[in-house]
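Asker: Spelled out, the chains give:
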Amino acid sequence: MRDADGDEVAIAVEGLVKTYGELRAVDGVGFTVHRGEFFGILGPNGAGKTTTLEIVEGIRQADAGTVRLLGQSPWPRNPALLPRIGVQLQASSFFDKLTAREQLQAFGALYGVSARRAVELLDVVGLADKANTPESELSGGQRQRLSIACALVHDPEVVFLDEPTAALDPQARRNLWDLLRGIQSGGVTVVYTTHYLDEAEALCDRVAIMDGGRILALDSPAALVRALDAPTRVALPTRILDAATARGLDGADQVTEGGDEVEISTRHPARLLTQLAERDRLDGVSVRTATLEDVFLHLTGRAYRA
Amino acid sequence: MRDTGMSESTGPGTETGTDSRGTGTGTETGPGTETGPGTETGTGSRGTAAGGRPVAASAWTQLRTLALAMLRGFFRDRTALFFTFFFPLMFLVVFGLIFRDSGTSATTIAVAGQGPILDRLPAQVLKQQRFPDADAAIAKVRSGDLPAALIEDGNSLTLRFAASDQVKAAQLQGIVQAVVGEANIAASGRPPTFSLSAAQVEDRDLKAIQFLTPGILSWGVATSAAFGAALTLVSWRRKQLLRRIRLSPAPVWAVVGARVGVSLVVALVQAAVFVALAITPPFGLRLSHQWWLAIPLLILGTLAFLSIGLLVGAVAKTDEAASAMANFIVLPMAFLSGTFFDISQAPAWLRSFSKVFPLRWMNDGMLDVLGRGKGVQAVLAPSAVLIGFTLVVGFIATRLFRWDDA
Chain A
0 MRDADGDEVA IAVEGLVKTY GELRAVDGVG FTVHRGEFFG ILGPNGAGKT TTLEIVEGIR
60 QADAGTVRLL GQSPWPRNPA LLPRIGVQLQ ASSFFDKLTA REQLQAFGAL YGVSARRAVE
120 LLDVVGLADK ANTPESELSG GQRQRLSIAC ALVHDPEVVF LDEPTAALDP QARRNLWDLL
180 RGIQSGGVTV VYTTHYLDEA EALCDRVAIM DGGRILALDS PAALVRALDA PTRVALPTRI
240 LDAATARGLD GADQVTEGGD EVEISTRHPA RLLTQLAERD RLDGVSVRTA TLEDVFLHLT
300 GRAYRA
Chain B
0 MRDTGMSEST GPGTETGTDS RGTGTGTETG PGTETGPGTE TGTGSRGTAA GGRPVAASAW
60 TQLRTLALAM LRGFFRDRTA LFFTFFFPLM FLVVFGLIFR DSGTSATTIA VAGQGPILDR
120 LPAQVLKQQR FPDADAAIAK VRSGDLPAAL IEDGNSLTLR FAASDQVKAA QLQGIVQAVV
180 GEANIAASGR PPTFSLSAAQ VEDRDLKAIQ FLTPGILSWG VATSAAFGAA LTLVSWRRKQ
240 LLRRIRLSPA PVWAVVGARV GVSLVVALVQ AAVFVALAIT PPFGLRLSHQ WWLAIPLLIL
300 GTLAFLSIGL LVGAVAKTDE AASAMANFIV LPMAFLSGTF FDISQAPAWL RSFSKVFPLR
360 WMNDGMLDVL GRGKGVQAVL APSAVLIGFT LVVGFIATRL FRWDDA
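Sequence order for the protein chains is A and B.
When the count follows numbering that gives the first Met the number 0, it moves up by one through the first sequence with no breaks and lands on 305 for the last residue.
When the count follows numbering that gives the first Met the number 0, it moves up by one through the second sequence with no breaks and lands on 405 for the last residue.
Simulated from the structure, these hints should not be mistaken for laboratory data.
Among the hints, a few may not be true.
[Unchecked claim] Pairs of lysine-lysine residues, derived as BS3-like cross-links and limited to a Cα-Cα distance of at most 25 Å, are as follows:
1. LYS316(B) / LYS373(B)
2. LYS139(B) / LYS238(B)
3. LYS96(A) / LYS238(B)
4. LYS354(B) / LYS373(B)
5. LYS316(B) / LYS96(A)
6. LYS139(B) / LYS167(B)
Hey, can you work out the whole structure from these sequences and the hints?
Answerer: Next comes the structure, spelled out in structure tokens:
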């Protein structure tokens with residue numbers, strides 16, 4: 000199956016609806032994922048990310064809409080399709096009391112993967128020295144690596160990762176990025192959900208931002224940021240530049256003063272920075288452009304949701 | 000980064016030839032389930048030219064994998080091991096030692112003096128506790144510690160008994176009378192005119208260990224089968240392991256089959272350990288020569304309680320709830336089915352009522368073949384009941400089965 004641009008399609012979703020009682024958990028979701036793409040689904044808690052993923056994987060039946068996963072329907076349970084997809088679930092779904100190696104071998108055997116091949120994968124995810132460590136004694140990051148290895152053990156064509164970096168410390172998270180990039184460069188299509196926008200920006204070819212069961216925006220992170228058309232913010236310590244001087248600068252749309260810092264909002268960063276350079280006022284400057292996070296907050300609102 | 004070993008096949012349809020994924024025949028993977036030509040695009044990246052690419056796992060391999068994972072987990076779980084093996088043994092030790100001298104096998108009486116009659120008293124029926132003189136022996140009876148005192152002094156015998164147990168007193172009198180009569184005939188030097196030969200038909204009143212072993216063993220096996228199935232199901236569901244397996248090509252029956260296999264292995268090991276202890280001298284279980292008939296009963300009993308466990312596991316949401324529900328079902332059943340006592344001594348209403356419990360039938364069957372030495376016919380009715388129970392409860396369990404919490 001190919002789309003209009005001639006790219007091969009791994010997943011095609013159209014008009015997906017799933018209702019739980021009064022709640023429309025998924026409300027008309029549609030998207031396409033190309034082969035070899037790293038596709039992210041972002042959204043606050045309860046946005047419908049996991050439900051969408053579950054329907055695409057074939058765990059749940061949609062109330063309406065169609066899903067084509069590698070050209071086939073995942074529902075009802077499709078044993079022909081299952082060996083071609085890999086999944087990593089939110090809970091750490093491991094067998095009780097098995098070592099890292101045994102976990103991998105057990106999952107591998109479900110797919111007919113040899114024990115030796117399973118062990119090789121420990122190396123790929125950097126757990127070779129933890130082969131004989133019980134899963135329960137691994138650190139959070141190591142456990143996620145093992146979980147991802149278990150999802151990859153049978154060389155799937157598409158892998159679904161549900162918040163693989165949740166609850167990890169920053170180092171472990173960064174470590175995992177390399178692994179995730181490696182998966183994609185091996186030709187695997189990756190679909191993943193996350194809370195971390197910096198991560199999505201760094202990893203994803205395209206992201207879908209969901210809220211309230213709908214997709215609010217879908218594009219590459221860079222395109223989404225561009226579309227936001229947000230001003231650039233230039234910040235300087237007050238001892239370098241006071242607010243009054245800042246307001247007098249050409250291109251300073253808005254100036255706010257807070258603590259020991261002045262922040263200038265501008266649509267013309269080059270002009271503004273040139274003036275600052277001419278006056279030798281660039282010590283301690285920080286320039287911030289919009290990020291995916293700004294796009295996200297712009298789309299989903301800033302209201303705190305428990 | 001090609002060395003992640005991910006799938007390199009990108010052409011359309013290159014993978015679809017491999018879809019005979021083992022759910023069908025149950026045979027080992029044969030030729031033809033191997034991936035079709037052209038799917039391997041390069042060999043260097045993976046380092047395993049042969050055997051690297053997964054072939055379709057047969058359902059049998061999947062079942063074995065799951066069973067092995069469960070068994071490993073079980074034998075590494077100290078709590079599970081304790082409750083499966085040690086806990087029932089504790090009951091055997093406690094009850095076995097408490098009831099060791101009970102039963103109707105032998106009565107101890109006080110004796111004083113000596114002579115041919117005391118020597119001839121049948122030791123398997125009467126045990127003798129020796130006292131220095133008649134007064135000391137009688138005092139022991141008076142205090143209620145022993146039922147009777149027998150004093151032999153030359154040719155005269157005196158039997159003094161407590162009035163509290165008339166039946167036992169009459170039995171003792173009868174035994175002593177018979178021995179005295181025999182001795183008189185022997186002393187007369189003439190052959191006896193009449194002769195009586197008596198032989199035991201069956202061990203109607205059992206030594207405690209003979210009913211305790213089958214009872215506690217049945218209970219132990221039943222408990223671990225029910226708990227094992229219930230807790231596996233609930234914890235695997237809670238950890239989303241069930242969902243993970245559902246997203247693999249393994250068929251449902253491989254998951255259930257693995258649990259059944261593990262429960263059977265555990266039950267047979269349990270039985271072996273249990274009986275091995277019970278036949279040691281402190282307990283003194285005597286196995287009948289038909290003991291092997293207990294094996295089919297163990298298997299069927301395990302299946303019956305496994306179905307209870309699967310039902311509990313289907314309904315319960317947390318480990319704690321599963322544990323409480325399994326206890327609520329199995330424990331009262333154990334008390335009412337004669338696990339810790341001889342059910343044939345229980346009131347008639349209880350004997351009839353307890354027949355609704357599968358554990359009662361398992362108990363009865365095990366008791367008959369392990370303790371009473373009965374043959375194949377003793378196994379038939381319990382087997383039929385256990386099979387029926389398994390089918391009915393197992394069917395309900397499959398109806399209520401859920402892969403996920405939500």
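Asker: Flag every earlier hint the structure violates by its number, smallest first.
Answerer: Violated: hints 1, 2.
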